[in-house]
Amino acid sequence: MMTQQHVVVAGAGMVAHRFVEALRSRDDAGRFRVTVIGDEPRPPYDRVALTTYFTGRDPEDLHLGGAGLWQDPQVTLRKGTAVTAIDRSGRRVRTDRGDDVGYDHLILATGSYAARPPVDGSDLRGCFVYRTIDDVADLRGYVETLRVGHDDRPLRGVVVGGGLLGLEAAGALQALGVESTVVEFAPRLMPLQVDDGGGAVLRRLIEQLGVTVRTATATAKVLGARRGRVDGMRFADGSSLPADVVVFATGVRPRDELARDAGLSIGERGGVVVDSSCLTDDPAISAVGEVACVDGRVWGLIAPGNAMAEVAVDRLLGGAATFPGADSSTKLKLLGVDVASFGDAFGATPGSLEVSFADAVAGVYKKLVLSDDARTLLGGILVGDASSYAALRPMVGQALGTDPSAWLVPATDGPPGGGELPDGATVCSCNNVTAGDIRDAVTAQGCCSVADVKSCTRAGTSCGSCVPLVKRLTDTALEEAGVAVGKGMCEHFELTRAELFNAVQVTGLRTFSEIIARHGRGRGCEICKPVIASVLASLGTGHILDDDRGTLQDTNDHMLANLQKDGTYSIVPRIPGGEVTPDGLIEIGRIAKEFDLYTKITGGQRIDMFGARVEQLPTIWRRLVEAGFECGHAYGKSLRTVKSCVGDSWCRYGVQDSVAMAIRLELRYRGLRAPHKLKLGVSGCARECAEARSKDAGVIATDKGWNLYVGGNGGFSPRHATLLAEDLDDEGLVRAIDRFFIYYIRTADRLQRTAAWLEELPGGIEHLRDVVLHDGLGVATDLDAAMEGHVASYRDEWSEVLHDPVKLARFTSFVNAADVPDPDLRYETERGQRRPVLTPRSSPPVRSSDTSPGPRFISGDRIEVRR
Amino acid sequence: MNWTTVCELAAVPRDGAVAVLVDGAQVAVVRLADDSLFAISHRDPVSGANVMARGIVGSVTVDGVEVPTISSPMFKQVYDLRSGRCLTDRRAVLATWEVRLHGGDVQIGPALAVTVRAAPADDPIDAEVTT
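Protein chains in written order, with the working numbering: chain G, 7 to 873; chain A, 20 to 150.
Fair warning: there could be bad hints in the mix.
As the list claims (entries may be wrong) - Label-pair ranges, simulated between beta-carbon atoms:
1) A633(G) with L106(A): 38 to 48 Å
2) Y659(G) with D108(A): 47 to 57 Å
3) E27(A) with E697(G): 49 to 59 Å
4) D108(A) with A487(G): 51 to 61 Å
5) L106(A) with V812(G): 31 to 41 Å
6) Q511(G) with E27(A): 31 to 41 Å
7) D108(A) with R837(G): 27 to 37 Å
8) S282(G) with L106(A): 41 to 51 Å
Since the hints were derived computationally from the structure, they do not count as laboratory data. By construction, the Cβ of each residue, glycine as well, lies at the ideal position given by its N, Cα and C atoms.
So that you can see chain G by itself, here it is in the shape it has in the complex (with noise of 0.2 Å):
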């Protein structure tokens, strides 16, 4: 057997995870157990979406790998521990720890620090860069401790650098209600990305979003004022501005220190020299990411790095893989502000073309340059509107085929030509994942969804800015495999869930049977029936038994009831947000004891009573209506429960009124039909006994108001939920959530649970918090109607049974013999309490050694015959 060598990583950053995630992942052997050591005092993140650490986002969202991956036993992560020196020849690392770490093989991926300019006055106190989650907490805290003392006007802040991340300190600064100025030196914003025509357009958009822009101005000193304390910036023209707070932003230069005290080759403008397969001068050490220079260049975006992590796996598993180079291709939302760039955007190429198209008045700016005959696509800035970049970006090197124009307006999502991508088309960029990459999970590993592609080929999963591009190609091959016949629901309908509810909605139609004849063929089934039920009372046309409606429910909405497995059903009351008085629980008890049901606590804060048959349904909630209970829709795709602690008015550390806030919410969505159950829960504080961050919508007290997160569910695959909004008080909360749920309502798929619903959603969390919070798809009136309708028609609807001779008659064991009880059911006693006996689920009746030829009677407790 093979020993096992010692990979030591230096440097914790996102390329390092990328690293070790190959490594575990394509070492099937166990040849090596890797070391990674980091400086910062957690594991890796998502340094890409930073900036989300002031919308709200929890900052352990950010982490990469997940605890499997740190948790694996070759796997060590040495968080806040930094490596000083190498000793190449004695082949171990020294850290500021004092102790030393042997190596087969270094890795370097240190990545970049954060440069401060030469300039009087950048050590101020207020002077901050923006590079780690630790920059920006203490830029965050600064800015809410001088607030303090300044109530009588805004703070002003300035950026210096209007680069991509000038841009992004920005909008730091703006979330946090600062005035900001942006100082670039070059005389246009992100002067690496975009051309003039793109540099005017972007201006103007970042200045309707009240951000001062000063380009083609250069920084003289930082002004400072009593304590050390920033307060103003002058710059090389003699003019000046105020300032509390300056973040520069003017670019990284590689942590190439440990490499040159070893003695290393460095590049001419810093970085480890490395070869294609990312080895440096020292066969045992190589350097992987933003520390790494190419060919004399030095990459500092996340594509690249990923790549160079898997060339050096590759080769340490004695693979030949070499960085292929990269090109600096980005697309990003700044401020809410799409820009894009890829290829050659400059037109570099001699005798390249360019064709364009500017709306100065919609912000929208789009050049393509093609190769000089115009019929290759060479590269192209988007500014305004980048939602042709995915479709785009891929195309670069390939030929347009169409007319470009056709390209630059409308938007589009894909080729207007209804072209195809050609298999090498790099659809994913941070993962490198091709076209063909895309085609081939569904073809060759079995992939039926984008949930699979995505999991298989790791597609989308980063910035995730190709996700529609993914869903595409993913439809296309599934179509051409005939794996996925369409996007239909089952033989009877070819519109999804979402389609056939905008088609309902739209026309109007109320029975199933003018709906299946209008959008649908067949008689229906099992799978469309509820679905059209559902539908139906979503959109709030009266009780889910009406009409032919009884037929297309499922049994528990049937019965109003949810069936057990002797075909008994269970009754559970409604009880808000768990509060029940003494008086009750009594009445539920008194209830239970004589029905003889068997009573259990639900995890949902309420009580479940099983046992009862269909004809006593009727009875039992006659006495639960007469005892001030009402419906809990525990069977429903609907609303069930909205969990809450016990709150501000008893606990010692509650912040917020949970219990009335749990009783207003469910109380207010209490029957509310949708796509799936939906499940609600109320913390009152941040030490969340509610367990709110597993529901669906999960509500937690702030001392300033309530945080909202969405799209968290328990069950067969639990995930936490997303933060959607901040402190909001008890208005915005409820406005955010009915937004929230009528658009899960009408745009997910059938039984799909808001946690896969927002994971399928273009644009994700980002997306949906335009919608709920911005009307950012100008629909928020409608949902709100579409709320307060159904909130102003809820009844009961088992009180509406129960006056109800038609429905009522459903209720009965047997239509020639209403009064005689299923003879079938039997029981025994356990704990207390009865429990049905039943014949387990067993095998089915035909033995499969019994291969004997000629017609054979089956019989037994399967399959009934009567002679």
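Fit chain A to the known structure of chain G by using the hints.
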């Protein structure tokens, strides 16, 4: 031949089913939109619970033919109403009865015998229905 009147046609919802008791046997009477009737066992052969009349009635196309179906409310197996054969789990079968409309009344007749020809384990099982 013995026919037992179990209910009026109006007691069975269109594209729905009701349970009836016939000589101690639990039978589900199914009515399609065109008023054609089927009688199958109320007992779900997979779970052993008497629930089939609470299943959803529908159709599925098999080899170009529209087959009327009912699905078990318990574990969602789909059965051919005409033969009682399960279309999703070839090993499960529902017993069936003769059923007719007689002057506005639904009548249940004799049970139809089900024979199953045993086959090698890997092959689908053929069920034949004879009177």
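Would you say the C-beta atoms of Y659(G) and D108(A) sit inside 47 to 57 Å of each other? 53 Å, holds
Satisfaction of the hinted span 51 to 61 Å by the C-beta atoms belonging to D108(A) and A487(G): With Cβ atoms ~26 Å apart, the hint is violated.
Verdict for D108(A), R837(G) (Cβ pair) under range 27 to 37 Å: Given a distance of about 35 Å, which is inside 27 to 37 Å, the answer is holds.
When you take the CB atoms of A633(G) and L106(A), is the distance between them in 38 to 48 Å? 45 Å, holds
E27(A) versus E697(G) beta-carbon gap, inside 49 to 59 Å or not: 52 Å Cβ-Cβ, so the 49 to 59 Å window holds.
Do the beta carbons of Q511(G) and E27(A) sit within 31 to 41 Å of each other? Between Q511(G) and E27(A), where Cβ atoms are some 38 Å apart, the hint holds.
Are S282(G) and L106(A) spaced within 41 to 51 Å by their CB atoms? 58 Å, violated
Distance restraint hint 31 to 41 Å, applied to the beta-carbon atoms of L106(A) and V812(G): Holds, since L106(A) and V812(G) (Cβ atoms, about 33 Å apart) stay within the stated range.
In this structure, the hints that do not hold are numbers 4 and 8, in rising order.
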